[in-house]
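Engineer: Once you have looked at the hints, place chain B on chain A.
Which chain is which? The protein sequence lines are A and B, in order. No gaps in the numbering here: position 34 of the first sequence is 34 in my numbering, and each next residue is one more. No gaps in the numbering here: position 196 of the second sequence is 196 in my numbering, and each next residue is one more.
FYI, nobody ran anything at the bench for these hints, they're computed from the structure. All of these numbers come straight from a predicted model, not from anything done at the bench. It is possible that part of the hints are untrue.
[Claimed, not checked] Each computed DSSO-like pair below joins lysine-lysine, with the alpha-carbon atoms no more than 27 Å apart: (1) B/K94 - A/K159; (2) A/K159 - B/K346; (3) A/K159 - B/K107; (4) A/K159 - B/K218; (5) B/K94 - A/K143; (6) A/K48 - B/K94; (7) A/K143 - B/K107; (8) B/K451 - A/K275; (9) A/K72 - B/K36; (10) B/K346 - A/K169; (11) B/K346 - A/K89; (12) A/K48 - B/K346.
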Amino acid sequence: MKNIYAGKYKLYLILPVILFITFSVMAMGVQRGLELSGGTLVSVQIPKDVDVSGLDRYLESKFSLSAVTVTKIENPLGAEGASSGILIKFAENPLLENATKSAEEAQEFYSNGNNNEAMAKATETINLLSSYVGSVEISNETKEAVNQSFTALADAKQKFNSEFTDALKEKLGVSEFTAIEFRTIGPSLGNAFMDQARDTVVVAFILMTIVVIFFFRDIVPSLAIILSAILDVLCALAAMNLFGFPLTLASITALLMMVGYSVDTDILLTTRLLKRRQGTPDERAMGAMGTGLTMTFTTLAAVTVLFVISTITQMSVVTEIAFVLMAGILGDIISTWAMNAPMLLWYVEAKHR
Amino acid sequence: MNALLKNWKVRILLLSLVIAILLITFNGISLGIDFKGGTLFQIHLAQKATPQQMQTIASVVSQRVDGLGLQGASVTPWGNEFVLVSLSETNPDKINQIENLLSKQGKLEMILNKEVIFTGSGISNIDETSAYYGVAQASEDAYKWTLPFSLTPSAAKAFADASYGRCVGDVCDVTYFFIDRPIESVLIIPADVYMLEDDALSNENTTADELIENSGIKTIVFTGEFNEEDINSLTTLVSDHPIAYVHPSLGNVVDTQLSAIGYDVETVEPASNGSWLWGATRTRAVISLTPGVANIGVAKEDMQILQDLIITGHAVTSDEAVERLDEMRIILRSGSMPIPVSDISKNSITPALGQNFLQNTLVAGLLALVTVAIVIFVRYRRIRLMLPIVATGFFEIILILGFASLVNWSLDLAAMAGIIAAVGTGVDHQIIITDELLRRKQEEQYTGSLKEKIGRAFFIIFAASATAIAAMFPIIFFGLGMGRLTGFAIVTIAGVLIGVFIARPAYAEFAKYIISHTGESAGRIKTRAERRQEEKQKEQN
Numbered sequence: 001m002k003n004i005y006a007g008k009y010k011l012y013l014i015l016p017v018i019l020f021i022t023f024s025v026m027a028m029g030v031q032r033g034l035e036l037s038g039g040t041l042v043s044v045q046i047p048k049d050v051d052v053s054g055l056d057r058y059l060e061s062k063f064s065l066s067a068v069t070v071t072k073i074e075n076p077l078g079a080e081g082a083s084s085g086i087l088i089k090f091a092e093n094p095l096l097e098n099a100t101k102s103a104e105e106a107q108e109f110y111s112n113g114n115n116n117e118a119m120a121k122a123t124e125t126i127n128l129l130s131s132y133v134g135s136v137e138i139s140n141e142t143k144e145a146v147n148q149s150f151t152a153l154a155d156a157k158q159k160f161n162s163e164f165t166d167a168l169k170e171k172l173g174v175s176e177f178t179a180i181e182f183r184t185i186g187p188s189l190g191n192a193f194m195d196q197a198r199d200t201v202v203v204a205f206i207l208m209t210i211v212v213i214f215f216f217r218d219i220v221p222s223l224a225i226i227l228s229a230i231l232d233v234l235c236a237l238a239a240m241n242l243f244g245f246p247l248t249l250a251s252i253t254a255l256l257m258m259v260g261y262s263v264d265t266d267i268l269l270t271t272r273l274l275k276r277r278q279g280t281p282d283e284r285a286m287g288a289m290g291t292g293l294t295m296t297f298t299t300l301a302a303v304t305v306l307f308v309i310s311t312i313t314q315m316s317v318v319t320e321i322a323f324v325l326m327a328g329i330l331g332d333i334i335s336t337w338a339m340n341a342p343m344l345l346w347y348v349e350a351k352h353r
Numbered sequence: 001m002n003a004l005l006k007n008w009k010v011r012i013l014l015l016s017l018v019i020a021i022l023l024i025t026f027n028g029i030s031l032g033i034d035f036k037g038g039t040l041f042q043i044h045l046a047q048k049a050t051p052q053q054m055q056t057i058a059s060v061v062s063q064r065v066d067g068l069g070l071q072g073a074s075v076t077p078w079g080n081e082f083v084l085v086s087l088s089e090t091n092p093d094k095i096n097q098i099e100n101l102l103s104k105q106g107k108l109e110m111i112l113n114k115e116v117i118f119t120g121s122g123i124s125n126i127d128e129t130s131a132y133y134g135v136a137q138a139s140e141d142a143y144k145w146t147l148p149f150s151l152t153p154s155a156a157k158a159f160a161d162a163s164y165g166r167c168v169g170d171v172c173d174v175t176y177f178f179i180d181r182p183i184e185s186v187l188i189i190p191a192d193v194y195m196l197e198d199d200a201l202s203n204e205n206t207t208a209d210e211l212i213e214n215s216g217i218k219t220i221v222f223t224g225e226f227n228e229e230d231i232n233s234l235t236t237l238v239s240d241h242p243i244a245y246v247h248p249s250l251g252n253v254v255d256t257q258l259s260a261i262g263y264d265v266e267t268v269e270p271a272s273n274g275s276w277l278w279g280a281t282r283t284r285a286v287i288s289l290t291p292g293v294a295n296i297g298v299a300k301e302d303m304q305i306l307q308d309l310i311i312t313g314h315a316v317t318s319d320e321a322v323e324r325l326d327e328m329r330i331i332l333r334s335g336s337m338p339i340p341v342s343d344i345s346k347n348s349i350t351p352a353l354g355q356n357f358l359q360n361t362l363v364a365g366l367l368a369l370v371t372v373a374i375v376i377f378v379r380y381r382r383i384r385l386m387l388p389i390v391a392t393g394f395f396e397i398i399l400i401l402g403f404a405s406l407v408n409w410s411l412d413l414a415a416m417a418g419i420i421a422a423v424g425t426g427v428d429h430q431i432i433i434t435d436e437l438l439r440r441k442q443e444e445q446y447t448g449s450l451k452e453k454i455g456r457a458f459f460i461i462f463a464a465s466a467t468a469i470a471a472m473f474p475i476i477f478f479g480l481g482m483g484r485l486t487g488f489a490i491v492t493i494a495g496v497l498i499g500v501f502i503a504r505p506a507y508a509e510f511a512k513y514i515i516s517h518t519g520e521s522a523g524r525i526k527t528r529a530e531r532r533q534e535e536k537q538k539e540q541n
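Bound conformation, chain A alone (with noise of 0.2 Å):
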């Protein structure tokens, strides 16, 4: 095969140029999953088979709600009779949402002794909730107020639920179903979790950065390693975005886990360059390539084995790590192979001159 770094290496860095960008935008595009957005994930079990068609606008169209997606399951197990069930997702009512956000407020005033504040925002909350609730009498007693907001939020929460439940059964004909499962997390708690990934993947980064530039004790090299890394992690946004894969609690640990394999082959492709002294630097990344691809195909492989089987089998966590993964390794190839090979290079060549 052609030494592939022995020319123009340096005509390869349009690609990932490019790529960066692309990916970047599309990588904006990626959905939050409902632990990261909150929502509300309404799982319901029938004891007969139904059609679900138009489900979604009668929703949105009934409660105001936005960003209701129905999606049938059959029953993983096969199981005997015909029962079915639907998982409803949508967006928080944003009437709840606002009127979560000021009771938290409330409270968040409260117990900074901010008396007059957290009135007004208990008093806020419960007019919020007027439709469901009613008009309550508001204690004079501040305490009192903020813990009638957060009952009043609960009772709203309680008809919503029963109102919605009650919608179901007449849209689809049934008159009692099998369960039904609200499993709501609050926008506050989705934020919060949002924060944290964004936490901890930043940090995962730093210590990343650091740990690398400790083994190679020079900072280019060490940053296009971290490049290539953040590269992959971009063109795995880009990928889930496109394929519709939301980015959820296990979507971030599989892109943490890309990067764990991802910088293999960048460590692979540094050491050989940086640290060998025998032959061309070109003919030494040209030797890092074959066995940083051996490396790369094997992990594709599994990877991609694991993402068929969990998709027959259902098995959506793994489908969703196993994506991540493949997306993100097959970005590696372009970013290791036409980012950090031609910068090293480059690098190198500089130093020498």
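Structural biologist: Frame of chain A, contents of chain B only:
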């Protein structure tokens, strides 16, 4: 081969494998609820709690879960408003019972003559071993449960004072026990139901009117419509009593009217003894004093202060009686939570589904390993090189499982992902070692002993492993997603460390052995690149 077995690095791997297999065999591996089936409750408190309150709540929750005798339950306070409970139970009836128990704040009140005499904190001990404790059949269709308990000295004094002389002949006053009495509510009972309440309560030592009076809960008897007086009192009450509990038969009739006034209307089903008021007021027991307890005929100064009392109650079936007794005992013993529960979300995975997950994961893992074997074989064309790489990957899985067994870490889907991550990294690193060893004559300048080559490979391995650990560490540090991913991060880190310090050094010895033996005798192993180069040279010639 003997030389290989004498190598200490190989011996460490073999020894670790033996230990891991022993651990897995005898200590077992605990599976998480993803695989074993089980239920995860996420208890959301109505308000943010202080750290001390969180501790109290977690301990109350633990005591309640333990009180039901559930195996393998774990209770974790999380942040300042969540408590996570995971247990292996998946039976829906039992789960509902647990949810019911966990959702109660657990405020016990004992009322005598409309006054609260003592609360849950007045109870110092419950004696389960006492002969009085238990359930007995009272008549053909009635079971009686009895729960002996002791009061603290101050509660005993208050009780003695309150009960002193409260008997006329053999007829004594009765005491009422409530749990989470809904003082912030108004009860709406239809007239026809109200008429039958006295009958339903005939076995319970009380009447509808007395129960209402002692509970202190405002009750309106609904006669088909609210009269002016009702409307007036409802309008006044709504500020402090914003919840209206209504009988199911009223349903939509009063719902709109009450909602318009500002009530939150909730339907309550009658209790199992047939009384609606009993359930709506959350009465647990009504017990008559006895002349002895009331110190009849004793001068007030000489009255006896009783510390040991008994709560009794009835139920129609013995199962129900046991359930009531359990609930009472658990709530009394665990005490009340400083902050009420706002909502509980639960997620059950049935054992069958978990079993399915486990099988599928194992099949997927096995196939992934086979795929790795095929790719490696395609690359090196030598079974002798492919086998050690795949075998070491397999050994690593056993070592990680042994580690999980050692620290009693329960494996869930996240931990499985961690195993895959660690083994995947391991295979990558073995490829690095193999390639370092194979790169010889191709680059004549690249000399150095096998040992040096391995050293070079290990530099890459250490750097890559340290980076992977750096990426995992913040997951543990921040407890991403309420700690649900901690298992993944810990297993990955453990797996990477096991790989670096046990599996990789031993593999390097295997590889050295195989490469030097086959290399010298049967012609050395060639990489594809080398082969191509040779072909090229032939063409040129």
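Engineer: If any of the earlier hints don't hold here, list their numbers in rising order.
Structural biologist: Of the numbered hints, just 5 does not hold.
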